[in-house]
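Could you put together the complete structure from these sequences and hints?
First to last, the sequence lines map onto chains A and B. Position one of the first sequence corresponds to residue 1 (our numbering), numbered consecutively onward. Position one of the second sequence corresponds to residue 1001 (our numbering), numbered consecutively onward.
Honestly, I wouldn't trust all of these hints.
Dumping the calculated DSSO-like pairs for lysine-lysine here, alpha-carbon to alpha-carbon at most 30 Å [unchecked claim]: (1) K1003(B) with K1102(B); (2) K1069(B) with K1102(B); (3) K1052(B) with K1097(B); (4) K1097(B) with K1069(B); (5) K83(A) with K1102(B); (6) K1097(B) with K83(A); (7) K1097(B) with K57(A); (8) K57(A) with K1003(B); (9) K57(A) with K1102(B); (10) K1069(B) with K42(A); (11) K1069(B) with K1052(B); (12) K42(A) with K1097(B).
Since the hints were derived computationally from the structure, they do not count as laboratory data.
Listed below are the residues making up each chain.
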Amino acid sequence: EPEVTQTPSHQVTQMGQEVILRCVPISNHLYFYWYRQILGQKVEFLVSFYNNEISEKSEIFDDQFSVERPDGSNFTLKIRSTKLEDSAMYFCASREGGDSNQPQHFGDGTRLSIL
Amino acid sequence: DAKTTQPPSMDCAEGRAANLPCNHSTISGNEYVYWYRQIHSQGPQYIIHGLKNNETNEMASLIITEDRKSSTLILPHATLRDTAVYYCIVRTNRDDKIIFGKGTRLHILP
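Shown next as structure tokens:
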């Protein structure tokens, strides 16, 4: 069964450094998402992306964050200058086009640890 | 905030049916009910969704009451691998993001 893949599984970065989290969505999917989950807390929506532009973003997704689909397969989340509070699991998700009631499918996440 | 209410935790014996309730009393006519689960250290996994009819797939069954104010996810023969946090979510096709609540932590007992 096709799945969303994320790399790396664990990223350790010094505070203030830039980090790029990578995702390969399911191949025929057109809508892409990033969520995060701080340890012990709920999964939170960050951003949705369709047709090479952001559809919606949350208050968490400030100017330090950006997303990009650099080619036909990858979808990336960049955090420009990381802060301690950015430590979390980051999940990528994707869904098919057409019927917007189609479910989102998630990857297994990247654990980001900011030192 | 999540539009659903779920018990924080439940236990179920291995091999028995696990019935997870969800209350969504303020659901509107165009909102679907989705169920996801999150096994420890993994991403949320889609299980099933429905509008008003009962639905069944290879993982589970979804029973939605006639007034749509509540639903039940049924795992017919629970195994230890079904131990996870189960999320009940309602959303419309105009609201693409998923808003997760705290879910129900399901423990399958050997």
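Hints and how they fare:
1. K1003(B) with K1102(B): 11 Å, holds
2. K1069(B) with K1102(B): 19 Å, holds
3. K1052(B) with K1097(B): 21 Å, holds
4. K1097(B) with K1069(B): 21 Å, holds
5. K83(A) with K1102(B): Given pair K83(A), K1102(B) holds - Cα atoms ~25 Å apart, limit 30 Å.
6. K1097(B) with K83(A): 25 Å, holds
7. K1097(B) with K57(A): 9 Å, holds
8. K57(A) with K1003(B): The given pair, whose Cα atoms are some 20 Å apart, holds under the 30 Å limit.
9. K57(A) with K1102(B): Holds, because 21 Å separates the two Cα atoms, which is no more than 30 Å.
10. K1069(B) with K42(A): Satisfied, since the Cα-Cα distance of roughly 23 Å is no more than 30 Å.
11. K1069(B) with K1052(B): With Cα atoms ~10 Å apart, K1069(B) and K1052(B) stay inside 30 Å; holds.
12. K42(A) with K1097(B): 14 Å, holds
Of the hints listed earlier, there is not a single one the structure fails to meet.
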